[in-house]
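Protein chains: 4
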Amino acid sequence: MTEVQRNGGNWGRWGKDDERGAANFADAGCIKLASSLVRTGKVYSLAIPLQSENVPVLPPRSAPQHYMRMDGGDYAAGLKRKGGFQTSDDYIALGTHTTTHIDALAHVWYDDRLYNDFSANTVRSNGAKHCGIDKLRHLVGRGVLIDLCAHRNVPHLASGDIIKPEHLEECAKAQGTDIRQGDILLVRTGWMGVFKKDGREAFFKGEPGIGRDAAEWIGNKGVAAVGCDNWGVEVIRSRATFQARCTVG
Amino acid sequence: MTEVQRNGGNWGRWGKDDERGAANFADAGCIKLASSLVRTGKVYSLAIPLQSENVPVLPPRSAPQHYMRMDGGDYAAGLKRKGGFQTSDDYIALGTHTTTHIDALAHVWYDDRLYNDFSANTVRSNGAKHCGIDKLRHLVGRGVLIDLCAHRNVPHLASGDIIKPEHLEECAKAQGTDIRQGDILLVRTGWMGVFKKDGREAFFKGEPGIGRDAAEWIGNKGVAAVGCDNWGVEVIRSRATFQARCTVG
Amino acid sequence: MTEVQRNGGNWGRWGKDDERGAANFADAGCIKLASSLVRTGKVYSLAIPLQSENVPVLPPRSAPQHYMRMDGGDYAAGLKRKGGFQTSDDYIALGTHTTTHIDALAHVWYDDRLYNDFSANTVRSNGAKHCGIDKLRHLVGRGVLIDLCAHRNVPHLASGDIIKPEHLEECAKAQGTDIRQGDILLVRTGWMGVFKKDGREAFFKGEPGIGRDAAEWIGNKGVAAVGCDNWGVEVIRSRATFQARCTVG
Amino acid sequence: MTEVQRNGGNWGRWGKDDERGAANFADAGCIKLASSLVRTGKVYSLAIPLQSENVPVLPPRSAPQHYMRMDGGDYAAGLKRKGGFQTSDDYIALGTHTTTHIDALAHVWYDDRLYNDFSANTVRSNGAKHCGIDKLRHLVGRGVLIDLCAHRNVPHLASGDIIKPEHLEECAKAQGTDIRQGDILLVRTGWMGVFKKDGREAFFKGEPGIGRDAAEWIGNKGVAAVGCDNWGVEVIRSRATFQARCTVG
Chain A
670 MTEVQRNGGN WGRWGKDDER GAANFADAGC IKLASSLVRT GKVYSLAIPL QSENVPVLPP
730 RSAPQHYMRM DGGDYAAGLK RKGGFQTSDD YIALGTHTTT HIDALAHVWY DDRLYNDFSA
790 NTVRSNGAKH CGIDKLRHLV GRGVLIDLCA HRNVPHLASG DIIKPEHLEE CAKAQGTDIR
850 QGDILLVRTG WMGVFKKDGR EAFFKGEPGI GRDAAEWIGN KGVAAVGCDN WGVEVIRSRA
910 TFQARCTVG
Chain B
670 MTEVQRNGGN WGRWGKDDER GAANFADAGC IKLASSLVRT GKVYSLAIPL QSENVPVLPP
730 RSAPQHYMRM DGGDYAAGLK RKGGFQTSDD YIALGTHTTT HIDALAHVWY DDRLYNDFSA
790 NTVRSNGAKH CGIDKLRHLV GRGVLIDLCA HRNVPHLASG DIIKPEHLEE CAKAQGTDIR
850 QGDILLVRTG WMGVFKKDGR EAFFKGEPGI GRDAAEWIGN KGVAAVGCDN WGVEVIRSRA
910 TFQARCTVG
Chain C
670 MTEVQRNGGN WGRWGKDDER GAANFADAGC IKLASSLVRT GKVYSLAIPL QSENVPVLPP
730 RSAPQHYMRM DGGDYAAGLK RKGGFQTSDD YIALGTHTTT HIDALAHVWY DDRLYNDFSA
790 NTVRSNGAKH CGIDKLRHLV GRGVLIDLCA HRNVPHLASG DIIKPEHLEE CAKAQGTDIR
850 QGDILLVRTG WMGVFKKDGR EAFFKGEPGI GRDAAEWIGN KGVAAVGCDN WGVEVIRSRA
910 TFQARCTVG
Chain D
670 MTEVQRNGGN WGRWGKDDER GAANFADAGC IKLASSLVRT GKVYSLAIPL QSENVPVLPP
730 RSAPQHYMRM DGGDYAAGLK RKGGFQTSDD YIALGTHTTT HIDALAHVWY DDRLYNDFSA
790 NTVRSNGAKH CGIDKLRHLV GRGVLIDLCA HRNVPHLASG DIIKPEHLEE CAKAQGTDIR
850 QGDILLVRTG WMGVFKKDGR EAFFKGEPGI GRDAAEWIGN KGVAAVGCDN WGVEVIRSRA
910 TFQARCTVG
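Going down the list, the sequences are from chains A, B, C and D. Numbered by this note's numbering, the letters in the first sequence go through residues 670 to 918 in order. Numbered by this note's numbering, the letters in the second sequence go through residues 670 to 918 in order. Numbered by this note's numbering, the letters in the third sequence go through residues 670 to 918 in order. Numbered by this note's numbering, the letters in the fourth sequence go through residues 670 to 918 in order.
Worth flagging that the hints you see were computed from the coordinates, not collected in a lab. Think of the CB as a built atom: it goes at the ideal place given N, C-alpha and C, for glycine as much as any other residue. Any given hint could turn out to be false.
[Stated by the list, open to error] Here are the simulated EDC-like pairs of lysine to aspartate or glutamate, each with C-alpha atoms no more than 20 Å apart in a straight line: (1) 798/B with 870/A; (2) 685/B with 780/B; (3) 804/D with 758/C; (4) 749/D with 781/C; (5) 711/C with 696/D.
[Stated by the list, open to error] Partial list, derived from the structure: chain B residues whose beta carbon lies under 7 Å from chain C: (6) 734; (7) 739; (8) 740; (9) 746; (10) 793; (11) 822.
[Claimed, not checked] Only some residues are given here: those of chain B computed to face chain C with a beta carbon under 10 Å: (12) 714; (13) 722; (14) 733; (15) 747.
Kindly generate the complete structure, drawing on both the sequences and the hints.
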């Protein structure tokens with residue numbers, strides 16, 4: 670067990686068989702409460718388009734691929750179906766981490782132990798027996814946006830900028846937002862703008878993000894999940910340096 | 670324009686550029702209202718697992734494929750990473766109609782015209798320029814389950830059983846449910862049970878489902894979308910006979 | 670080391686770094702000799718078509734998938750390119766053992782040791798470091814067909830029929846064929862006919878094929894490779910029973 | 670019919686149903702003759718490795734993908750099979766033009782007419798009905814290397830360099846090589862070295878290659894196929910400029 674796991678982790682909190690981790694915080698009560706807070710009904714998508722080009726893909730992963738099994742061109746070329754009925758059909762192939770996605774708890778771990786002490790030996794070629802994304806089942810709750818870019822009046826934080834607990838607290842306070850147990854916390858770094866402006870290499874060279882202290886702070890708040898507009902959630906000074914990974918789980 | 674399109678379709682209703690069709694019924698007001706109706710916060714998944722076996726796949730589509738780019742076995746076999754940090758990564762490849770999914774408006778059409786009179790010539794090998802699933806953007810609303818199996822006290826309707834407007838009305842009435850504009854209508858036929866019990870061939874040989882009258886009735890109700898636990902939504906007596914497709918769009 | 674490996678294997682024969690195994694028998698001299706034997710120049714394909722349907726695929730592998738990235742239908746639907754130049758492009762996705770193929774030496778092994786004592790721990794999610802198909806480099810030589818069906822005047826051998834050394838010898842003698850070191854030995858069982866006639870389940874329920882004695886006999890002959898028209902080369906009485914695998918390597 | 674087709678093409682030469690084009694030149698007689706010319710039996714591979722990185726892939730195609738369905742890591746992680754028998758299995762997904770490959774006659778055409786006047790409307794989402802690579806069946810013959818780099822004593826020709834008939838003739842003469850009907854002509858430009866040295870962008874910016882005159886000259890020689898170590902065979906001054914395509918077919 671790492672220091673982070675000892676201090677801020679949730680191992681055992683929902684029983685030794687639990688495979689959902691912090692997502693459990695977003696329980697029925699939280700969902701009911703979150704539902705009652707809807708004021709306008711407007712929906713905001715947080716997704717990057719699922720496409721082959723102009724999407725950030727970290728090599729050696731390949732970009733999403735999309736192919737048509739049947740399309741309008743086939744009819745234009747002479748295909749006929751009874752009664753004028755026509756149809757198209759398609760196929761996609763993608764790395765699960767190549768576009769907007771949720772990391773399963775089986776995505777990262779330390780020293781052969783997954784969240785809740787499951788063995789990493791159970792993550793084999795046929796998939797994750799434990800803590801796979803199928804175990805998440807659902808993630809619904811109150812979303813809280815901490816918009817650090819707006820707060821600091823910058824287009825994006827700088828690569829290597831460590832987001833600390835006090836930054837999150839200040840920003841939440843300035844926004845008039847509280848962060849509650851069961852929330853889905855969205856931290857805006859503006860880093861996706863670097864991809865759009867400067868391309869893939871600049872985007873993946875490093876990134877601003879939460880540091881270890883913020884990770885523990887977030888863990889202690891009991892948020893159900895953290896979302897971020899950078900590529901790895903946590904601050905990365907250079908591709909070779911990783912810290913403070915996945916303490917929420 | 671087919672008779673159905675003339676009678677019950679929504680072409681032009683949201684302007685000539687619209688690509689969302691009936692999903693527009695689930696507007697912000699509906700979403701806000703739907704949110705206010707949440708009583709317990711319990712989440713029900715309607716999804717079939719995303720897996721290669723024991724899922725209904727209509728040939729010549731292939732079953733979903735899942736591969737690990739890196740897994741726990743690699744570490745067990747000797748792979749080392751600094752600081753004990755380990756990770757798994759995966760890849761999926763699937764026909765978009767091989768498991769639980771939402772049909773885009775560009776999935777089916779008559780006589781070279783997509784919903785809202787877009788040309789089917791715009792659906793080419795590089796995807797659907799109009800009415801693709803990307804244009805749906807979101808689908809949130811009040812879900813209404815019409816459980817015909819419970820109402821009739823049968824495990825499933827029979828193949829070829831045509832669901833008519835009066836069946837939906839009676840069942841809704843017996844349940845004490847009303848169907849409103851903007852609702853997401855879920856019709857339970859029990860047909861998935863045939864797949865589980867009798868396998869793929871029996872499942873795809875035909876199916877119970879809504880007939881043309883029910884399709885128009887649903888269209889006139891202004892529901893945002895229809896979901897079903899069979900394979901093609903509408904009744905299909907035999908694989909070669911199709912009727913009453915996609916009048917909601 | 671298994672008994673077979675001790676008796677008939679080639680470990681160490683081409684040095685401890687060798688990853689080609691018996692393919693080494695088909696050396697330049699054999700290739701030169703084989704070339705000199707060509708009498709008519711007629712080419713016989715031994716391949717099953719690469720297609721999604723009507724090909725034997727052992728679940729849970731998926732059938733080969735083929736998609737067009739661009740095709741004639743796109744031009745029919747209105748795509749224009751300068752000067753009338755048009756092009757099509759495609760994509761395939763397939764399990765490497767779903768159609769006619771050559772097994773790499775890294776495909777099967779006993780007790781964590783690949784051919785030539787390489788560790789099976791070197792076969793990881795990123796591929797086979799040793800004994801992969803890339804190490805074969807080439808396989809050219811004199812092909813010798815042992816046509817047991819013609820010899821026995823049957824459309825196919827029966828499932829579970831064990832092909833023994835004496836069967837190969839008799840058939841070769843009757844054909845007037847000798848089997849030499851470096852040859853590529855093709856044994857015809859007719860079993861593919863069962864797939865064509867009775868379908869996938871009958872085909873994979875079992876198969877006729879070489880037994881352990883024939884495998885050793887073949888190994889001792891120094892043939893470079895063995896090809897067969899069944900699904901697993903060796904006799905398989907039922908899907909659960911395997912014997913005499915891969916002693917040639 | 671384009672001017673090139675009129676002057677140097679082979680439409681009709683092997684009958685109106687032919688789908689093999691110039692490959693027909695490499696007939697049984699040529700194959701028999703070619704076989705008799707083998708002097709050492711040494712095999713030279715002309716293939717680029719099939720891998721995801723460090724291979725030239727023209728966007729938006731994706732690089733070849735390779736995944737293990739089962740590997741040695743699974744056994745290291747605890748998977749057990751009876752009798753110590755172990756196996757690995759893999760899956761590949763690739764654009765057919767992303768690595769060393771043979772263009773089918775259905776790959777390029779002018780004005781809706783494939784080789785031999787087949788309609789491009791027959792190349793649809795489900796593949797090429799005519800002139801697909803399956804129709805090639807085989808390509809065996811005498812390979813002739815025209816090594817322009819060795820002849821000019823340069824590591825590679827320059828981008829935009831047009832290879833003319835006289836260049837091929839001079840080089841063949843200097844090498845003491847004749848080019849015969851049915852040969853497989855390999856023209857070495859050295860351009861792959863640019864990919865290795867300067868990377869993908871430099872490689873795809875343009876290329877040296879045969880011009881229209883050489884294409885006609887080659888066509889008139891009756892060679893069965895042309896192979897080249899650049900990306901598009903013909904000279905390309907810039908990505909937007911194409912000339913002299915596919916006159917051999």
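Outcome of the hint check:
1. Proximity of residue 798/B to residue 870/A is assessed by CA-CA distance (about 29 Å); at most 20 Å being required, the pair is judged violated.
2. With a C-alpha separation of about 18 Å, the suggested pairing of residue 685/B with residue 780/B holds against the 20 Å cut-off.
3. Of the supplied pair hints, the one linking residue 804/D and residue 758/C holds, its CA atoms being roughly 16 Å apart against a limit of 20 Å.
4. With a CA separation close to 11 Å, the supplied pair residue 749/D and residue 781/C stays within the 20 Å bound.
5. A threshold of 20 Å between alpha carbons decides the hint, and for residue 711/C with residue 696/D the separation of about 8 Å falls inside it, so the pair holds.
6. The beta carbon of residue 734/B is positioned within 7 Å of a beta carbon in chain C (closest approach about 6 Å), and the interface hint is therefore held.
7. The interface hint given for residue 739/B holds, since its Cβ lies 5 Å from the closest Cβ of chain C, which is under the 7 Å cut-off.
8. Because the closest C-beta pair between residue 740/B and chain C is about 6 Å apart, less than 7 Å, the hint holds.
9. Interface restraint check: residue 746/B against chain C, minimum CB-CB distance 4 Å, threshold 7 Å, status holds.
10. At its closest, the beta carbon of residue 793/B sits 5 Å from a beta carbon of chain C; the interface hint therefore holds under the 7 Å criterion.
11. For the restraint placing residue 822/B at the interface with chain C, the shortest Cβ-Cβ distance is roughly 37 Å, beyond the 7 Å limit, so the hint is violated.
12. Because the smallest distance between the Cβ of residue 714/B and any Cβ of chain C comes to about 24 Å, over 10 Å, the interface hint for this residue is violated.
13. Hint on residue 722/B holds. Least Cβ distance to chain C is approximately 5 Å, under the 10 Å limit.
14. A least Cβ separation of about 9 Å between residue 733/B and chain C falls short of the 10 Å threshold, and the interface hint therefore holds.
15. Proximity of residue 747/B to chain C holds as hinted, the smallest CB-CB distance being about 5 Å (cut-off 10 Å).
In summary, the numbered hints that this structure violates are 1, 11 and 12.
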